[in-house]
Amino acid sequence: MGTMDPDYTADLPHLQKAAKDHLWMHFTRHSSYKDADVPIIVKGEGAYIYDAQGKRYLDGLAGLFVNQVGHGRTELAEAAAKQASQLAFHPLWSYAHPSAIQLAERLANLAPGDLNRVFFSSGGGEAVETAWKLAKNYYKLVGKPMKHKVISRAIAYHGTTQGALSITGLPGLKQQFEPLVPSTFRVPNTNVYRADSITGGLIDVTDDASAEAFGRWAADQIAVAIENEGPDTVAAVFLEPVQNAGGCFPPPPGYWQRVREICDEYDVLLVSDEVICAYGRLGTWFGGQKFDYTPDIITSAKGLTSGYAPLGAMIASDRLMEPFLEDGQMFAHGYTFGGHPVSTAVALANLDIFESENLLENVTNNEAAFKSTLEKLKDLPIVGDVRGSGYFYGIELVKDRNTKESFSEEECERILYGYVSKALYEEGLYCRADDRGDPVIQLSPPLIVGQTEFDEIEQILRRVLDKASSML
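According to numbering that gives the first Met the number 0, the residues represented by the sequence shown are 0 to 471, in order.
Keep in mind that the hints were calculated from the coordinates and are not lab data.
Keep in mind it's a predicted model, so treat the numbers as computed, not measured.
Treat the hints with care, since some could be wrong.
[Claimed, not checked] Subject to a maximum C-alpha distance of 30 Å in a straight line, what follows is the list of computed DSS-like cross-link-like pairs (lysine-lysine):
no.	residue 1	residue 2
1	Lys421	Lys403
2	Lys421	Lys173
3	Lys375	Lys403
4	Lys143	Lys42
5	Lys42	Lys403
6	Lys81	Lys19
7	Lys42	Lys54
8	Lys19	Lys54
9	Lys42	Lys81
10	Lys398	Lys173
11	Lys42	Lys19
[Said to hold, decoys possible] Derived Cβ-Cβ restraints for the label pairs, each shown as a range:
no.	residue 1	residue 2	range
12	Ala107	His332	15 to 25 Å
13	Phe323	Thr27	22 to 32 Å
14	Leu172	Glu404	21 to 31 Å
Glycine included, C-beta positions come from ideal geometry on N, C-alpha and C.
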């Protein structure tokens with residue numbers, strides 16, 4: 000750590016006690032820290048983070064799929080300070096300020112098709128809420144007031160607010176908060192590795208043709224769900240370009256094109272939830288540019304500012320704005336901090352870095368190397384599948400690679416959480432070990448990394464997973 004950095008070691012006992020006594024951490028089993036220290040991260044530099052003792056870790060998750068340009072970017076801190084000193088805050092409620100206007104224009108120019116209308120929020124969950132509210136409001140204004148339901152995929156995560164959580168396909172995250180907002184329905188996801196079980200033995204993906212058949216089948220289940228609910232009642236389909244929860248499910252060939260056809264046929268809005276996938280994560284600005292589709296709405300956040308300030312953005316088609324341009328009409332929705340001047344100024348500076356340092360090209364040029372480096376781990380018997388796109392990958396762990404048998408609940412607790420998660424961190428790799436769906440390790444490094452960091456990731460994973468294999 001640099002000589003000018005604050006020294007937290009003397010204050011560490013107090014910080015530990017205060018963290019345990021007062022800080023309610025998110026998605027955290029607080030009992031796990033009863034006899035253990037809370038990890039306290041105090042600094043970031045490039046692709047690395049440092050804890051209070053000065054130990055360095057490779058940030059293999061970009062914080063939380065957030066930090067695209069890397070840590071310690073003084074130009075982003077300076078953009079925030081400059082904006083705060085000039086105009087620290089003003090809402091977008093019937094008023095505007097320059098950085099929000101400029102960012103909206105810039106995003107409209109980057110987005111596909113006629114997605115030219117940008118509604119800012121504080122983060123991704125709020126962007127999802129905004130998209131659902133817009134869909135319901137839009138159809139009421141155009142004379143289809145019964146259209147309000149949402150279709151989404153099994154195991155997919157879309158946020159924690161009441162509406163976004165209702166759209167989420169993870170029962171374990173929902174049941175303790177029910178009843179949630181009604182009228183959401185699930186369809187199968189695109190886990191190619193588990194296609195045989197997902198389709199009930201109908202399709203086992205062994206080549207490109209069977210992968211395309213699985214994609215067609217999975218997309219057609221959306222049409223089945225719309226028909227089952229009644230096309231006059233369904234407003235939107237929410238899908239991620241690459242599904243996060245469950246471990247990075249890319250779309251099979253032709254999947255998105257078939258989904259677009261279905262949504263057009265039934266007059267249902269296609270919402271591309273890109274809170275993770277937008278802003279370079281896949282090597283493109285948006286997922287539709289990677290997989291050749293144009294949605295009606297994009298929800299985004301995270302990488303828009305690389306985490307240097309909180310910001311979300313819903314980007315909508317011009318036609319969805321048209322009813323709200325009529326005399327007396329308004330979209331009665333907003334957030335105090337949506338489009339905050341400091342956040343939008345940081346986003347503009349963040350996008351400048353993308354362009355000046357060619358970060359999209361860096362991902363595109365290196366994604367094959369990232370994949371091939373991770374695929375070296377397939378020689379370990381515990382590694383069942385390596386999948387993803389761009390700089391967004393999941394490694395599925397299995398008990399038996401031949402049968403694809405997954406871990407038991409006890410094995411997940413003992414191996415995934417009891418050993419793998421802790422050991423990766425102790426070895427110097429910050430990433431995510433998760434069993435929402437099947438047990439996976441998720442990787443989403445900053446977009447600035449290359450082969451040196453890929454090798455470091457692979458070597459740490461190999462050491463930890465090799466030992467984990469012996470624990471089965």
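Comparing the hints with the structure gives:
{"no.": "1", "hint": "Lys421 / Lys403", "in the structure": "25 Å, holds"}
{"no.": "2", "hint": "Lys421 / Lys173", "in the structure": "26 Å, holds"}
{"no.": "3", "hint": "Lys375 / Lys403", "in the structure": "18 Å, holds"}
{"no.": "4", "hint": "Lys143 / Lys42", "in the structure": "52 Å, violated"}
{"no.": "5", "hint": "Lys42 / Lys403", "in the structure": "40 Å, violated"}
{"no.": "6", "hint": "Lys81 / Lys19", "in the structure": "35 Å, violated"}
{"no.": "7", "hint": "Lys42 / Lys54", "in the structure": "10 Å, holds"}
{"no.": "8", "hint": "Lys19 / Lys54", "in the structure": "21 Å, holds"}
{"no.": "9", "hint": "Lys42 / Lys81", "in the structure": "22 Å, holds"}
{"no.": "10", "hint": "Lys398 / Lys173", "in the structure": "28 Å, holds"}
{"no.": "11", "hint": "Lys42 / Lys19", "in the structure": "21 Å, holds"}
{"no.": "12", "hint": "Ala107 / His332: 15 to 25 Å", "in the structure": "19 Å, holds"}
{"no.": "13", "hint": "Phe323 / Thr27: 22 to 32 Å", "in the structure": "40 Å, violated"}
{"no.": "14", "hint": "Leu172 / Glu404: 21 to 31 Å", "in the structure": "25 Å, holds"}
Violated hints, in rising order: 4, 5, 6, 13; the structure is consistent with all others.
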